[in-house]
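Participant: Chain residues, written in single-letter form:
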Amino acid sequence: MIAAILSLTILGAALGLILGIAGRFLAVESNPFVDEVEALLPGTNCGQCGFPGCSGAAAAIAAGSAPASCCPPGGKTTAVAIAEKMGLALDLAAVADTGPKLATIAEDLCIGCCRCIKNCPTDAILGAPKQIHNVLKEACTGCSACIDHCPTEALVMQPVPITLQHWVMPKPLAA
Amino acid sequence: MSELILLLISTALVNNVVLIKFLGLCPSMGVSKSMDSALGMGMATTFVITLAAGASWMLEHWLLVPYELGFLRILTFILVIAAVVQFTEMFVKKTSPGLYRSLGIYLPLITTNCAVLGVALLNVQQGFSFFKSLAYGFGSALGFTLVLMIFAGLRERIALARVPVAFNGTPIAFITISLLALAFMGFSGLNI
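Residue numbers (numbering that gives the first Met the number 0), protein chains in the order written: chain A, 0 to 174; chain B, 0 to 191.
Since the hints were made in silico from the structure, they are not lab data.
Please note that the accuracy of each hint is not assured.
[Unchecked claim] Simulated crosslink set (DSBU-like; lysine-lysine; CA at most 35 Å straight-line): (1) A:117 with A:129; (2) A:100 with A:75; (3) B:93 with A:84; (4) B:92 with A:117.
[Said to hold, decoys possible] Sample of chain B residues at the chain A side, in silico, Cβ under 7 Å: (5) 66; (6) 85; (7) 89; (8) 92.
The C-beta atom is built at its ideal place from N, Cα and C for all residues, glycine as well.
Let the sequences and hints guide you as you build the complete structure.
Facilitator: Have a look at this one:
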């Protein structure tokens, strides 16, 4: 019994020591900014920035090879948040600020083909074959991945309608 | 020497670990969608099985038998296998981030790959010498990699073929691997 306890303890300690030393030698230096920037991006991997997914874009931004404004669905708010995090100068003119836009489906044009549903990275489109689809506004991130897949052009990006829930009084003009 | 080569061939083909002994089926179903990740998984598993076979021989002959601790066999083997897998994971993460990403969850899951523990236990059961254990482990891993590669190649072709709707996806993969197992039974007639 003592031999069993002793041998297992020594074995575990020895393996732990070896792994600890190996961890020192094989450590991968990762940039902590990459994870933080990736958390700010939409995370839908829509590919509009030209990088392989949001993690690729985050790595490029952290390395300085992409501007903070490279995420089209993120728009102005995401660009400002990233620029603040990275301490970058932001050229706001480069961001086409049309305000947040979400996908909407024109009911009279939708034929219920389900093609947009398969291409939505956030599962924001609801529908069944030969039934009119609908976009869940709470889930849509406005990446516009679905737009090109609609055969009848029923899907369009439209500005978010202002409702009482998120209307904010405009700031007074500076004197 | 010829004995070792014979053992290598017989474990890789005649007593194939996946198709004849039915060990390690989860990774062979899970990581066989593309040739690249199949090769990566095969190489990582080869590394782990060979190292684990050697380490388990040392444990068996220098610790478990002299101190009569045979009841701790599975526990200690799993401990060593887990450590080797952890080391492999660090190594792959350092040397090839792309492979690390494509293997995903299956890399740490090599720990629970029954082929690894199975080979270590079969080594003990058959009372092999150290070098024979290594050859047996390496041969089994070679057979595992071979099957994974063949199966991934078949699945890549099946993905392009028109499969009846009822068989589409996983069912046709199961049918394919069972036909592959039938084909590998032909090796049991091999006279070497």
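Participant: Determine for every hint whether it applies to the structure shown.
Facilitator: Right, here's what the structure says about each hint:
no.: 1; hint: A:117 with A:129; result: holds (15 Å)
no.: 2; hint: A:100 with A:75; result: holds (12 Å)
no.: 3; hint: B:93 with A:84; result: holds (28 Å)
no.: 4; hint: B:92 with A:117; result: holds (32 Å)
no.: 5; hint: 66; result: holds (5 Å)
no.: 6; hint: 85; result: holds (6 Å)
no.: 7; hint: 89; result: holds (4 Å)
no.: 8; hint: 92; result: holds (6 Å)
In summary, this structure violates none of the numbered hints.
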